[in-house]
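One point on numbering: in the UniProt record's numbering, the residue at position 307 of the sequence shown is 307, and numbering is uninterrupted.
If you're looking for bench data, these hints aren't it; they were derived computationally from the structure. The reader is advised that the hints may include incorrect statements.
[Stated by the list, open to error] Listed next, with one range per pair, are the computed distances between beta-carbon atoms:
hint : residue 1 : residue 2 : range
1    : Q198      : T230      : 24 to 32 Å
2    : A383      : A514      : 37 to 45 Å
3    : L433      : P132      : 53 to 61 Å
4    : R347      : K544      : 28 to 36 Å
[Claimed, not checked] The calculated lysine-lysine pairs, modelled on DSSO-like cross-linking and capped at a C-alpha distance of 27 Å, are:
hint : residue 1 : residue 2
5    : K113      : K152
6    : K113      : K387
7    : K327      : K418
8    : K171      : K200
9    : K156      : K208
10   : K75       : K144
11   : K421      : K121
12   : K327      : K387
13   : K97       : K144
14   : K544      : K533
15   : K171      : K208
16   : K418      : K200
17   : K313      : K387
18   : K171      : K152
19   : K200      : K156
20   : K200      : K152
21   : K313      : K171
22   : K200      : K121
23   : K121      : K171
All C-beta atoms, glycine included, are put in the ideal place defined by N, C-alpha and C.
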Amino acid sequence: MTGRVGRWTGVKKEVVIMLYVLSQTIGCYAANQLPSSDVQQNGMSDNMLNNQRVVVHKDDISEHAEKSQSMVYVKRFQLDVSGIEECLPPPKALLEKYSGRNLAVNDLQQLTKALSVYYRKQGYPVATAFLPRQDIVAGIVTIKVFPGVLDKLRVKNSTSLEDRFVEGFLKNLYAGMQLRSDILEMTLNNLNALPGVQAKGILEPGDKIGSSSLTIVLGASPIVEGAVYTDNYGGKYSGRYRYGMQVIVNEPLRSGDRLVIGGMLSNEKMKNYNLGYETAVNRTGGRLGISCAESDYTLGDYFTQAGAVGTAKTVSLYGSQPLSGRKSGNLRLIYGYEHNRLNDELRVFDYTARKSSDVFHLGLTGSLQSAVSYSGYSAVLRAGNLKLRSGEAQVADEFSRTEGGFSRFNFDVNHVSKLSKVTQFYIFAHGQLANRNLDSSEQFYLGGADAVRAYPQGEAGGDSGYQATAELRYQTPVKGMSMTLFADVGEVLARKDGDTSDPHRRLAGWGIGAVYSLDRSLYARLDYARKIKGESYRSEAEDKNGRLWFRLYKLF
1 MTGRVGRWTG
11 VKKEVVIMLY
21 VLSQTIGCYA
31 ANQLPSSDVQ
41 QNGMSDNMLN
51 NQRVVVHKDD
61 ISEHAEKSQS
71 MVYVKRFQLD
81 VSGIEECLPP
91 PKALLEKYSG
101 RNLAVNDLQQ
111 LTKALSVYYR
121 KQGYPVATAF
131 LPRQDIVAGI
141 VTIKVFPGVL
151 DKLRVKNSTS
161 LEDRFVEGFL
171 KNLYAGMQLR
181 SDILEMTLNN
191 LNALPGVQAK
201 GILEPGDKIG
211 SSSLTIVLGA
221 SPIVEGAVYT
231 DNYGGKYSGR
241 YRYGMQVIVN
251 EPLRSGDRLV
261 IGGMLSNEKM
271 KNYNLGYETA
281 VNRTGGRLGI
291 SCAESDYTLG
301 DYFTQAGAVG
311 TAKTVSLYGS
321 QPLSGRKSGN
331 LRLIYGYEHN
341 RLNDELRVFD
351 YTARKSSDVF
361 HLGLTGSLQS
371 AVSYSGYSAV
381 LRAGNLKLRS
391 GEAQVADEFS
401 RTEGGFSRFN
411 FDVNHVSKLS
421 KVTQFYIFAH
431 GQLANRNLDS
441 SEQFYLGGAD
451 AVRAYPQGEA
461 GGDSGYQATA
471 ELRYQTPVKG
481 MSMTLFADVG
491 EVLARKDGDT
501 SDPHRRLAGW
511 GIGAVYSLDR
521 SLYARLDYAR
531 KIKGESYRSE
541 AEDKNGRLWF
551 RLYKLF
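Using the sequences and the hints given, assemble the complete structure.
Structure, rendered in C-alpha cells:
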C-alpha cells in the first residue's frame, strides 16, 4: 500500500486519483528465479569428476583406504578454493564435523557434496567440490572447489523483441566467465522487467571440463493486457461507486516499451483519464516514462446547489534503475518530476481557486524474499513548490498557509509470512513526515478501503502520519477463495501552525473479509469493518459504526 493524497479540503472537495490497477492488486509478489536442476548439476559434476579422474575409489586415498579396511584417518581438511572470493568464509563447522577421525569413502563423498551445496548457496550456482589425486601427509586431506565457468550462451527468443536488443542485456555473460548467481539473477530480472517478457535460464553441463552452458529462454506474454473493474472505493460526494478500464500494450515499438491507457467514471459523474508510455533506456534495467492524467469532478449531494466542480491535471516524468537484483532481494532507484494544475469552482458564488505545483521525488524501492516470506519496502523524498494562481486561492490560504516550498518523506512496508499450507499473515504500514503545512493534494489520509476501513475515503487528513494493518488470511478448500481477519490503525497530525484546534486524530478498526482470485482471470474482494473506540466521521454527515467495501476486476 502507499500513502494516499486528496486534493479537496474537508467534505467540500475530494479527488480519487486513478491507481495503476494491473498486477498491483493481484497477488503480492512474483519472483524471477534461475531454474535449478539437480539432475543437470549432478551430471555436470560427474562429468568434471570423470574427466579429471578424481573418482575417490581410483585415487591414492581410496587405495590407502582399501589397505585400511576402507577407512582413512583425517586430521583436518585443506580447501583449495582458487577462483572464489577470498572474503567468503569456509564452512568451519562442516569441516570440523569430519575432522579428527577415520572416514570411509562414502563419508568423503558426502562431505564433497555438502561443500558443493554450501558454495552454490553462497552465489556459485554450479560450484563443485571434489577430491584430487594426492598423497595424504600427516592426516591432511585437500579438497578442491571448482566455481564453474560459462562455456556457451544460447538465446531462444520467442518475443517480439529484436535479437540485437536482447543481446544488449547479455553483455555481462560471456564464454569463460566465472558463473555467479548475482550476475545471472540480475540479468534475468532485467529481462523480466521488460513488458510482455517472461525470461528464465537453464544450466546444462558444458563441453569443456568444469564448464556449463546457459540457455536464456524468452517467452512472450500477451501483447495487449488489461482489466475492467468496479468498486465502491470513492468518496461520497465525488461518487462512491466507480467503473473503469485499464489497457496495456506491450512492446509497441519492440524496444522494451509499454503504452498504458485508462479511464474511470463514478456514479457522481467524476471522470478520470490517464495515458502513459515508458521504455527501456539502457541494458541494465533502467527505464524512463511519461504520463498524463486528468480528473474532472462535480460534487453531489448538497454540494450540487453550490455548483461545486473542479479539475486536476498532472504531467509526470519518471524513471528507475536497478541497483541490485536477486531472487532473494532487489533494490531500485526511483526518481521523477510532476507538474500539477488544480482548479476548484463554486459556480453559484462565482468562486474559482487555481493552484499549481511542481514536485520532484527521489527514493528507493525493493524487496526481500525467502521460501516462507516476502517483504517489500520503499522510501521516497518529495520536494516541491505550491503556487496560488487566483485571488480566491490566496484568501483561502491565509488560514492554512500552504503556499511556497515544501517537502515530505514517505515510507511503505509490507510483509507476508506463510504460517502453514493454508494460512498467511500480512503486515502493511505506510506513513508520511512533512516539514510544514501541506495543501490537501499532498496530505496523508487515514480513512478508506486501503487504510482504516471502518472510516470513509478521505477521512482524517493531515501533514504527517502513519497507518498500519495486520491481516490473517486462510485459504479455504474452494480454489482461489480466502477468508480474512484484519485490524487497522492510524494517526495523523495536521496544522503545525495557523489553526491549532484538534491537530491530532487517531482511528482504528477491525473486520472480516473474503478474497477470490483466479490467476489471469478474475479478482474480487469484500471487506466489512467496524470502528474501535467509535470516533465519529467528519468527512461525511451521516456517521456509521461499520462499512462494507467491495472490488471486482476482470482481467483480459
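Evaluation of the provided hints:
The given range of 24 to 32 Å is respected by Q198 and T230, whose C-beta atoms sit roughly 29 Å from each other. Taking 37 to 45 Å as the suggested C-beta distance range, the pair A383 and A514 conforms, at roughly 41 Å. Judged by the Cβ atoms, the range 53 to 61 Å given for L433 and P132 holds: they are separated by roughly 60 Å. As the Cβ distance of R347 to K544 is approximately 31 Å, the hint placing it in 28 to 36 Å holds.
Proximity of K113 to K152 is assessed by CA-CA distance (about 25 Å); at most 27 Å being required, the pair is judged to hold. For the proposed pair K113 and K387, the alpha carbon gap of about 67 Å is over 27 Å, so the pair is violated. Proposed proximity of K327 and K418 is supported: the alpha carbons are some 17 Å apart, at most 27 Å. At most 27 Å may separate the alpha-carbon atoms for a hinted pair to count; K171 and K200 meet this at roughly 17 Å.
Pair hint K156 plus K208 holds up; C-alpha atoms about 22 Å apart against a cutoff of 27 Å. Proposed proximity of K75 and K144 is supported: the alpha carbons are some 17 Å apart, at most 27 Å. A hinted pair counts as satisfied when its Cα atoms are at most 27 Å apart, and K421 with K121 qualifies at roughly 25 Å. Straight-line distance between C-alpha atoms of K327 and K387 comes to about 45 Å, which puts the hinted pair past the 27 Å bound.
Between K97 and K144 the alpha-carbon distance is near 18 Å, which keeps this suggested pair within the 27 Å criterion. Our distance criterion of 27 Å between C-alpha atoms is met by K544 and K533, whose separation comes to about 13 Å. With a C-alpha separation of about 21 Å, the suggested pair K171 and K208 falls inside the 27 Å cut-off, and the hint holds. This hinted pair checks out: K418 and K200 have alpha carbons roughly 25 Å apart, not beyond 27 Å.
Taking the CA atoms of K313 and K387, the gap is near 15 Å; set against the 27 Å cutoff, the hint holds. With a C-alpha separation of about 13 Å, the suggested pair K171 and K152 falls inside the 27 Å cut-off, and the hint holds. Simply put, K200 and K156 have alpha-carbon atoms about 10 Å apart, close enough for the 27 Å limit, and the pair holds. A hinted pair counts as satisfied when its Cα atoms are at most 27 Å apart, and K200 with K152 qualifies at roughly 16 Å.
Our distance criterion of 27 Å between C-alpha atoms is broken by K313 and K171, whose separation comes to about 41 Å. Using a Cα cut-off of 27 Å, the hinted pair K200 and K121 holds, with the two alpha carbons roughly 19 Å apart. For the given pair, K121 sits about 24 Å from K171 by alpha-carbon distance, which is consistent with the 27 Å threshold.
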